[in-house]
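Colleague: On the provided structure of chain A, position chain B as indicated by the hints.
Protein chains: 2
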Amino acid sequence: MPDRNQLNSVTAFAPATVANVGCGFDVLGFAIHNQGDVITAVRSDQPGVRIAGITGDEGRLPLEAEKNTAGLSVISLLRSIDGPVPGIELSIEKRMPLGSGLGSSACSSVAAVVAVNRLMGTPFSKSELLPFTVEGEMAASGTPHADNVAASLFGGFVLVKSHFPPDVVQLPTPAELYCCIIHPHIEIQTRQSRLILKKDVPLEKAVTQWANVGGLVASLYRDDYELLGRSLHDEIIEPVRSVLIPGFTEMKEAAIDASALGCSISGSGPSVFALCKGEEIARKAGKNMGSILKALGLEYDLHISSINREGASVREES
Amino acid sequence: MPDRNQLNSVTAFAPATVANVGCGFDVLGFAIHNQGDVITAVRSDQPGVRIAGITGDEGRLPLEAEKNTAGLSVISLLRSIDGPVPGIELSIEKRMPLGSGLGSSACSSVAAVVAVNRLMGTPFSKSELLPFTVEGEMAASGTPHADNVAASLFGGFVLVKSHFPPDVVQLPTPAELYCCIIHPHIEIQTRQSRLILKKDVPLEKAVTQWANVGGLVASLYRDDYELLGRSLHDEIIEPVRSVLIPGFTEMKEAAIDASALGCSISGSGPSVFALCKGEEIARKAGKNMGSILKALGLEYDLHISSINREGASVREES
Numbered sequence: 389m390p391d392r393n394q395l396n397s398v399t400a401f402a403p404a405t406v407a408n409v410g411c412g413f414d415v416l417g418f419a420i421h422n423q424g425d426v427i428t429a430v431r432s433d434q435p436g437v438r439i440a441g442i443t444g445d446e447g448r449l450p451l452e453a454e455k456n457t458a459g460l461s462v463i464s465l466l467r468s469i470d471g472p473v474p475g476i477e478l479s480i481e482k483r484m485p486l487g488s489g490l491g492s493s494a495c496s497s498v499a500a501v502v503a504v505n506r507l508m509g510t511p512f513s514k515s516e517l518l519p520f521t522v523e524g525e526m527a528a529s530g531t532p533h534a535d536n537v538a539a540s541l542f543g544g545f546v547l548v549k550s551h552f553p554p555d556v557v558q559l560p561t562p563a564e565l566y567c568c569i570i571h572p573h574i575e576i577q578t579r580q581s582r583l584i585l586k587k588d589v590p591l592e593k594a595v596t597q598w599a600n601v602g603g604l605v606a607s608l609y610r611d612d613y614e615l616l617g618r619s620l621h622d623e624i625i626e627p628v629r630s631v632l633i634p635g636f637t638e639m640k641e642a643a644i645d646a647s648a649l650g651c652s653i654s655g656s657g658p659s660v661f662a663l664c665k666g667e668e669i670a671r672k673a674g675k676n677m678g679s680i681l682k683a684l685g686l687e688y689d690l691h692i693s694s695i696n697r698e699g700a701s702v703r704e705e706s
Numbered sequence: 389m390p391d392r393n394q395l396n397s398v399t400a401f402a403p404a405t406v407a408n409v410g411c412g413f414d415v416l417g418f419a420i421h422n423q424g425d426v427i428t429a430v431r432s433d434q435p436g437v438r439i440a441g442i443t444g445d446e447g448r449l450p451l452e453a454e455k456n457t458a459g460l461s462v463i464s465l466l467r468s469i470d471g472p473v474p475g476i477e478l479s480i481e482k483r484m485p486l487g488s489g490l491g492s493s494a495c496s497s498v499a500a501v502v503a504v505n506r507l508m509g510t511p512f513s514k515s516e517l518l519p520f521t522v523e524g525e526m527a528a529s530g531t532p533h534a535d536n537v538a539a540s541l542f543g544g545f546v547l548v549k550s551h552f553p554p555d556v557v558q559l560p561t562p563a564e565l566y567c568c569i570i571h572p573h574i575e576i577q578t579r580q581s582r583l584i585l586k587k588d589v590p591l592e593k594a595v596t597q598w599a600n601v602g603g604l605v606a607s608l609y610r611d612d613y614e615l616l617g618r619s620l621h622d623e624i625i626e627p628v629r630s631v632l633i634p635g636f637t638e639m640k641e642a643a644i645d646a647s648a649l650g651c652s653i654s655g656s657g658p659s660v661f662a663l664c665k666g667e668e669i670a671r672k673a674g675k676n677m678g679s680i681l682k683a684l685g686l687e688y689d690l691h692i693s694s695i696n697r698e699g700a701s702v703r704e705e706s
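Those protein sequences? They're chains A and B, same order as listed.
Per our numbering: the first sequence = residues 389 to 706.
Per our numbering: the second sequence = residues 389 to 706.
By construction, these hints were calculated from the structure, which means they are not laboratory data.
Some clues are possibly wrong.
It does not matter which identical chain is meant; a pair holds if it fits inside one copy or across any two.
In silico SDA-like cross-links for lysine to any residue, where the CA-CA straight-line distance does not exceed 20 Å [stated by the list, open to error]:
#, residue 1, residue 2
1, K672, L686
2, K593, F552
3, K672, R582
4, K682, G444
5, K587, E623
6, K455, T510
7, K593, R582
8, K593, D555
9, K593, P553
10, K455, G436
11, K587, P532
12, K593, H421
13, K593, P532
14, K593, V628
15, K593, T531
16, K514, K587
17, K586, S630
18, K593, L686
19, K682, S397
20, K586, T596
21, K593, E623
22, K587, D689
23, K682, E564
24, K586, R703
Predicted, not measured: the structure shown is a model, and the values here were computed from it.
Chain A on its own, in the form it takes in the complex (with noise of 0.2 Å):
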């Protein structure tokens, strides 16, 4: 007999993410607002996950729940339930491009166990939850990665000590901090962009981007927006990366033009974000940009963002 209090359908949000923050490659990342997955998860008397549907992905991504991020998250988080699970299905709405650089995969991943577990009671807190969503995200990656997937899902800045297990350190967001992010039409794959990566690093390059990941923490904790700056270089992604990605001189010479403390390669691109102190200079930021890759006559989509504190949400249930 269902219980009475059961909920039979659960929508949530889940934010999309600049993961690699400039120097942490493969261990910072941040939440933004307004981009990201919106998944519904409803009961079903069919056992099992569905995928029943998805828009905004141009008919790319997989219905099969077995080869797509948010339907194997979900598989995995069913599988550490004891006792009898219900059907699940899943309606997907990307409000985000796919392959931007800005954890498209890590959004469905985040929103679909989020959706989820609140469907089942809540029988997990978002900690518990991460693990299912690195799980999702292999998928999508290959290698497990936690970058995404923990800021997607706690919000604000996240330190990724190991990837899996994973092992994440919650950090503190300055309150005034803004983010622009710019991105150009043009598609670049996660694992593509991991291939041309260099395989050694000089120590010497190494040292200085382990100074900037300490200086860049050290940053967040003291609202140190000078020091963030300073911090927010890296001398080894992205010098390879950025050659995948037209007018990305120029563009961080612009950003950098309008006040912006820092800018680099949204996670393997082909967006790229500026952090500002303030939402006035991260316009400007985005519009002298804008105006590199107008030049260019590449297309882009503009984003204007303070942090997104609160991470993936329920947003309607019954």
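Modeller: Using the frame of chain A, we list chain B on its own:
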């Protein structure tokens, strides 16, 4: 006519320091108590900087001011003062062994400039003194290094974003943090221990290292001893340098067995440090580590200390 309030003699103490701190090669350091240098600076009718005497160095340090780290730091300081400067005579009392990996030359640089700065009526803040000490350090190691001098000058934990000009972030210190340092009576030259390092490191290990640096910095702000322990790993430098330290692997195991949070090489060695929550664990770790060296037939010193948060200070003036 001499100023009546003018000081004629100032004695300052600068504490010994642990640089690198596991994951933070060339970027992290902290100061300890008791070990260090005591330097007395006295006004002299004879122009220029002279070293009047050095004790505790077994006659190994140069008495010519232009070749001595303390002398060079003071010369650098005096050059930054407008107008005529008095002659200075330095007496150096080393209260720590040379070549132990505890920043011996940094102590000399720091104690000397702190004493002379006071003697001159404190024209410079501690931050302003830092570049002079880095110049002094260059004489000892051949390259500018700010990690030991910054920790000795400011106390507590420091993150060095850039060595010269120095960009140093002072980090908080968890209250219950204790350090156990064991100094085997062997000597390693800093220059030698840098030469054996590999010029390139695998990207994968570098990523782990900067995740650990980020984790360690966060742990200090969070008072999170467990995170500190999970971050105190060095997969890049320690495996290479530890071969120069007899019994290192066994000492590290012995420290962890005693519930130390982590254990690694202090600076370029041969001293080995363990960070611990509370004095009791630090004492037990020290005892365990000592028994390893004893079994190898090696003499050693053992120091148990809380973190020195004050840094260098004036001890006497007249």
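Colleague: Does each hint hold? Answer for all of them.
Modeller: Hint check:
no. : hint         : result
1   : K672 to L686 : within (19 Å within a copy, 65 Å between copies)
2   : K593 to F552 : between (26 Å within a copy, 16 Å between copies)
3   : K672 to R582 : neither (31 Å within a copy, 46 Å between copies)
4   : K682 to G444 : neither (25 Å within a copy, 69 Å between copies)
5   : K587 to E623 : both (15 Å within a copy, 16 Å between copies)
6   : K455 to T510 : neither (25 Å within a copy, 69 Å between copies)
7   : K593 to R582 : both (19 Å within a copy, 16 Å between copies)
8   : K593 to D555 : between (25 Å within a copy, 17 Å between copies)
9   : K593 to P553 : between (28 Å within a copy, 17 Å between copies)
10  : K455 to G436 : within (14 Å within a copy, 77 Å between copies)
11  : K587 to P532 : within (18 Å within a copy, 29 Å between copies)
12  : K593 to H421 : neither (33 Å within a copy, 33 Å between copies)
13  : K593 to P532 : between (26 Å within a copy, 16 Å between copies)
14  : K593 to V628 : both (13 Å within a copy, 18 Å between copies)
15  : K593 to T531 : between (25 Å within a copy, 16 Å between copies)
16  : K514 to K587 : neither (34 Å within a copy, 41 Å between copies)
17  : K586 to S630 : within (14 Å within a copy, 27 Å between copies)
18  : K593 to L686 : neither (33 Å within a copy, 37 Å between copies)
19  : K682 to S397 : neither (44 Å within a copy, 68 Å between copies)
20  : K586 to T596 : both (17 Å within a copy, 16 Å between copies)
21  : K593 to E623 : both (7 Å within a copy, 16 Å between copies)
22  : K587 to D689 : neither (33 Å within a copy, 41 Å between copies)
23  : K682 to E564 : neither (29 Å within a copy, 57 Å between copies)
24  : K586 to R703 : neither (42 Å within a copy, 52 Å between copies)
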